[in-house]
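Colleague: Protein sequence lines, in the order shown, are assigned to chains V and S. Each position in the first sequence, counted from 1, maps to that position plus 10 in the working numbering. Each position in the second sequence, counted from 1, maps to that position plus 16 in the working numbering.
Worth flagging that the hints you see were computed from the coordinates, not collected in a lab. Hints may contain errors.
Computed footprint of chain V on chain S; a stretch qualifies when at least three of its residues, placed anywhere within it, have a C-beta under 8 Å from a C-beta of chain V [said to hold, decoys possible]:
#, stretch
1, 27–39
2, 74–86
3, 99–107
In the DSBU-like style, the derived pairs of lysine-lysine whose C-alpha atoms are separated by at most 35 Å in a straight line are [unchecked claim]:
#, chain 1, residue 1, chain 2, residue 2
4, V, 38, V, 168
5, V, 82, V, 159
6, V, 160, S, 21
7, V, 112, S, 39
8, V, 160, V, 80
9, V, 38, S, 21
10, S, 92, V, 112
11, V, 112, S, 21
12, S, 21, V, 159
13, V, 159, S, 92
Being a predicted model, the structure only gives us computed values, none of them experimental. Beta carbons are placed, not taken as given, at the ideal position from N, Cα and C, and that holds for glycine.
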Amino acid sequence: MAGRLNLDVIGVESFQADPSIELILRTKNKCEVSASVPRLLVCDHVSRVDNNTDILTISDMSRISYESIKRKVKPNLGLEILISNARLLDARDLGRWVVQAKSLHSLCLSTRCQFIISSGAQSIFEMISSRTFESILRTLEIPSSIYWKKLSEWLSSKDSARFVKSL
Amino acid sequence: MMRSKRRYLAILFDLERSQTEIKRDIEDRFMQLFGTIAVEDAFLRSYQSKKNGILILGCDLEYLEKVLFTIAVVCKPMTTLSLSGTLRRLRRRLDSIQLDSLNA
Chain V
11 MAGRLNLDVI GVESFQADPS IELILRTKNK CEVSASVPRL LVCDHVSRVD
61 NNTDILTISD MSRISYESIK RKVKPNLGLE ILISNARLLD ARDLGRWVVQ
111 AKSLHSLCLS TRCQFIISSG AQSIFEMISS RTFESILRTL EIPSSIYWKK
161 LSEWLSSKDS ARFVKSL
Chain S
17 MMRSKRRYLA ILFDLERSQT EIKRDIEDRF MQLFGTIAVE DAFLRSYQSK
67 KNGILILGCD LEYLEKVLFT IAVVCKPMTT LSLSGTLRRL RRRLDSIQLD
117 SLNA
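Work out the full structure: start from the sequences and follow the hints.
Modeller: Spelled out as structure tokens, the structure:
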């Protein structure tokens, strides 16, 4: 399915199949799997961010305090928003979601964090194709070439960090 | 009147819902987000699909980005599987897809 949607790398919460595309495990617990498995440590609350955290998932952008994020986050942390959360909003809140996503992107630029948009998919029907990601980025007024370039660089930096840690 | 360019999208959806419901969901969400004039201008039309669980939706090229964004944020999960400038090419592409293999 990921191949059909032109996705090269996907983040998953468990490895169950032998995939033909690159997978990265998203885990909430750093001891969950062996160091040889590529993984990103995900956290869903700003108060739980520590030095090992790779991604802070922001599920409700209207409730977050930008000041606490500024205080807590370190450069190179990924700040992630989920499209699956936007699906649940009514039209008015979805409009707000778009504006808040733009603000979060600006915050990421000023704090040198990585802005990440994820599908948050729980089923194949919720997966999002690369072409659809482009239109979401356009709606958020983020140049897609810059977004993908920065995301690739960020993922590569995480890969090298993992390599150094496992040595 | 000049004929506008069209784009055709194959949308994968849960079999528990009908093509009519899916098209209505997309139209409703599009209208909420971009307004009644845009929904008329976008000229959303559904077309016959041989495959169960796939809706073929046509739209005006000018509104393609908005339609794709709308599909990504419709309450009921659905995803754009393929996109083409002609209905024939899209159907040919869909013929080559084994729907069962999409779960892999």
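Colleague: State for each hint whether it applies.
Modeller: Taking the hints in turn, this is what the structure says about them:
Three residues within the 8 Å Cβ limit are the bar, and the stretch 27–39 of chain S against chain V gives 3, so the coverage statement holds. Proximity of the stretch 74–86 of chain S to chain V, defined as three or more residues with a beta carbon under 8 Å from a beta carbon of that chain, is established by the 5 residues found. By the rule of at least three residues with a Cβ nearer than 8 Å to a Cβ of chain V, the coverage given for the stretch 99–107 of chain S is violated, with 1 such residues. Taking the CA atoms of residue 38/V and residue 168/V, the gap is about 16 Å. The hint holds against a cut of 35 Å.
As the CA atoms of residue 82/V and residue 159/V are separated by approximately 26 Å, the hinted pair is consistent with the 35 Å bound. The hinted pair formed by residue 160/V and residue 21/S meets the criterion: a straight-line CA distance of about 34 Å does not exceed 35 Å. Annotation: proposed proximity of residue 112/V to residue 39/S holds, straight-line Cα distance about 29 Å (limit 35 Å). For the proposed pair residue 160/V and residue 80/V, the alpha carbon gap of about 20 Å is at most 35 Å, so the pair holds.
A distance of roughly 47 Å separates the Cα atoms of residue 38/V and residue 21/S; the hinted pair therefore is violated under the 35 Å criterion. Under the criterion of a C-alpha separation no larger than 35 Å, the hint pairing residue 92/S with residue 112/V is consistent with the structure, at around 24 Å. In summary, the hint linking residue 112/V to residue 21/S is supported, as the alpha carbons are separated by about 31 Å, within the 35 Å threshold. As the CA atoms of residue 21/S and residue 159/V are separated by approximately 31 Å, the hinted pair is consistent with the 35 Å bound.
As the CA atoms of residue 159/V and residue 92/S are separated by approximately 31 Å, the hinted pair is consistent with the 35 Å bound.
In summary, the structure is inconsistent with hints 3, 9 from the numbered list given earlier, while agreeing with the others.
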